[in-house]
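Counting in the UniProt record's numbering, the sequence shown runs from 1 upward without gaps.
Since the hints were made in silico from the structure, they are not lab data. Take the hints with a grain of salt, since some may be wrong.
To be verified - In silico DSSO-like links for lysine-lysine, alpha-carbon gap of 30 Å or less:
1) Lys606 with Lys628
2) Lys622 with Lys735
3) Lys686 with Lys635
Said to hold, decoys possible - Label-pair restraints from in silico Cβ distances:
4) Ile490 with Asn671: 34 to 44 Å
5) Lys666 with Ala522: 26 to 36 Å
6) Ile745 with Glu609: 32 to 42 Å
7) Glu270 with Leu477: 55 to 65 Å
8) Val103 with Glu380: 48 to 58 Å
9) Ile490 with Tyr462: 16 to 26 Å
10) Phe350 with Tyr464: 28 to 38 Å
11) Asn434 with Phe350: 22 to 32 Å
12) Lys510 with Ser730: 51 to 61 Å
13) Glu609 with Asn633: 37 to 47 Å
14) Asn242 with Gly467: 32 to 42 Å
All C-beta atoms in this analysis are idealised placements derived from N, C-alpha and C, irrespective of residue type, glycine included.
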Amino acid sequence: MAYFSTSFKRLMIFSLGLLTLLNMLHTVKASDITAERNAANIDLLWMLICAILVFMMQAGFMCLESGIIRNKNNINVALKNVSDFGISIVCYWMVGYGFMFGVSKSGFIGFNDFFFDPTGTITSGPAMTFFIFQSMFCATAASIISGSVAERLKFNSYLIITAIVGTILYPVVGHWAWANSDDMFGGDGTTGWLYNLGFTDFAGSTIVHSTGGWIGLSIILIIGPRSGRFIEGKVRKFTPSNLPLSVLGVLLLGFGWHGFNGGSNLILDEAVPGILLNTFLGAAAGIVACLLFWGVQDNIAPAGDLINGLLAGLVAVTASANWITPLGAVIIGAGGGLVAIYATRLLERFELDDPVGAIPVHLAGGIFGTLVLPFFAAEEYLIGNQNLTDYTGNARVNQFIAQLIGIISVGLYTFFGSYILLNVINNYSPLRVNQEDEEIGLNIAEHDSGSDQIDLLNIMQYQYDTGDLSVRGPEDLFTEAGQIGYHYNILMGSLEESDKIMRNQKDDLKIAMDKAQTANKAKSDFLARMSHELRTPLNAIIGYSEMLMEEADDDGLETYSEDLSKINSSGGHLLTLINDILDLSKIEAGKMELFVEEFEYENLLKQIEATAKPLVEKNGNKLIITSKINNLNLKNDQTKVRQILFNMLSNAAKFTDKGTVTLVVKLEKENIRFDVIDTGIGMNKKQLDKVFEEFTQAETSTSKKYGGTGLGLPISKKMTEMMGGHIEVSSEKGKGTTFSIIIPISVKSN
């Protein structure tokens, strides 16, 4: 705020100084200078002051554009504004002024006064003053283009474009409309064809502003939008680098605009106050119209629309500021502001990217202001009452036709002229920067000018890419980025310390994990060895007990037969347990392999039915097998598939009493699905959560009542996963359980 206050005070002091100087000149005694010469000098001074005010518009454009685009490109935009001033002025001095105000060739182009006064022989103050003033207009036309193509156009490409504007584009259309032998400073017999037609553009709504807009539009069509601006039909808004700076730029432009319009009168007379009044009324009406537009919709007006509304109001009244009433200025300014809003939306609809809204403001606003001039100007100014070309007998219609012809002709020449020429250049040397340069920003890519923000972002990106937490960002407690860097470094220090602790813990965990894996492997190896050692005597015990049972039955020793049966049953149970432990230890040790073979599905089903049916019917249950699969060959480990299904069916039979155990088989794409459904005791959620845990059953009481080792389901699950399948389970307490085994029809061997 202090910055704006200081700037405002300086502007006020400057304005008061100018008014005081003018007043002093008006009070010069007649004895010192003649009244006629005094008036002429005042006119020259007025023109020079206005030229300086127009020059200040360069600062306005720089602030506006630098503030509204992103941080990574603001230096590039600022340097473009400085450079286009220099390039355009030199080109205009060399040939542009001669093309614009030289002796006319059929009203289309001037052809003398090149290299204006190279040896300093011209002593005419009015001629030099006129050149200075018109040079500022040329620089303004070039600056308009800068904003529309910001953030993706090469710096050197922009300099070439500026040179083209200052030599053959702006001067030619300027000659068409403003080359007039009756002008105070241009009276050398030149006359442009649009001027002869009756086209009127007081201070350049079309000749200056629309020209810049048309050229900007042609370049946008060639180079395309900024990366990420339009994504799948949606418009992405970028964050401005400094909106208050943009607002300052608008105010500077408005201040300089009074010189733009006031100086176009060429003399300081009674018409100037009205011109200045219409100028600032148009600006005010433009921004008020935007506020009302958004207020009616109960929305907050976007900053860009408010900025552009004020500027579009200025552009619109520029064509007719000397001919209209204050009420007309308000209407035209308001219309210009609204036109800019709709033009902005139109550009976005067609995915044309104008970062600062130069085309809606200068092109659309310029066309609108030039076109409505006939309907607000007093009739005595119109071409029908100046004995010029009469088209219809109606002065306003005649003027409208002349304005329309002027707008179209200027648009065709500047748009297609720049589009064709720049397309040719683009084919040989691309106008646009490459993708990498656009991403890092033109400040660095084009000028090697970084910033604290860019440095900090680069460090963040480096840390993201490398994981190196030791790098620190720039610190400066007197800048925003430096303050962020300071606190970011504190955060990174904490993260680095935490990372060290986590790395140490990770190393400790790895050591502990290695020990646990070694111990687990040792356990599995031990169990495998012990299982082999135990199976041999157990098989002998089971075999001998069966022989003794037969002999006891033959000898009628029923007492011994019952005891031998218990020995045989216990041996069988122990052998089953050892076999399960052996299978589990093989799986955990990674020694179990799949023996893949091709076999018939129907044979597998018959084997399962023959093996499981007696076991299922033992508790009064009924076995139901449902399958609609025919002529299917499986490529899998037949033994393990049979073991899995037998485990599931025996488990279902064990926990079902006088119910049903159903096996449903179906195909699912490249898998085969076995659903084992029982009507047994079922399980609750807590029991379901540990159903596949080793040596565990649903409840401790069930192992005593129903028997079992608690290894059948875990082994079945691990075997299924070895095949690339999985097991699903659902259950409801008191209603039954469903196990679903899904395995591939064809699996690869280990």
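Verification of the supplied hints:
About 14 Å separates the Cα atoms of Lys606 and Lys628, which keeps this hinted pair within 30 Å; it holds. Between Lys622 and Lys735 the alpha-carbon distance is near 16 Å, which keeps this suggested pair within the 30 Å criterion. Distance check on the hinted pair: Lys686 and Lys635 sit about 37 Å apart at the alpha-carbon level, beyond 30 Å; violated. The hinted range of 34 to 44 Å is not satisfied by Ile490 and Asn671, whose Cβ atoms lie roughly 55 Å apart.
For the pair Lys666 and Ala522, the beta carbons lie near 43 Å from each other, so the given range of 26 to 36 Å is not met. The hinted range of 32 to 42 Å is not satisfied by Ile745 and Glu609, whose Cβ atoms lie roughly 20 Å apart. Roughly 58 Å separates the CB atoms of Glu270 and Leu477, a value that falls within the hinted 55 to 65 Å. A C-beta distance of roughly 31 Å is found between Val103 and Glu380, which places it outside the suggested range of 48 to 58 Å.
Under the hint 16 to 26 Å, the C-beta atoms of Ile490 and Tyr462, about 18 Å apart, fit the expected range. Look at Phe350 against Tyr464: about 36 Å separates their beta carbons, and that is inside 28 to 38 Å. Judged by the Cβ atoms, the range 22 to 32 Å given for Asn434 and Phe350 holds: they are separated by roughly 25 Å. Between Lys510 and Ser730, the C-beta spacing of about 38 Å breaks the proposed range 51 to 61 Å.
For Glu609 and Asn633, the hinted distance range of 37 to 47 Å is not satisfied, since their beta carbons lie about 19 Å from each other. Between Asn242 and Gly467 the beta carbons are some 34 Å apart, a value that agrees with the proposed interval 32 to 42 Å.
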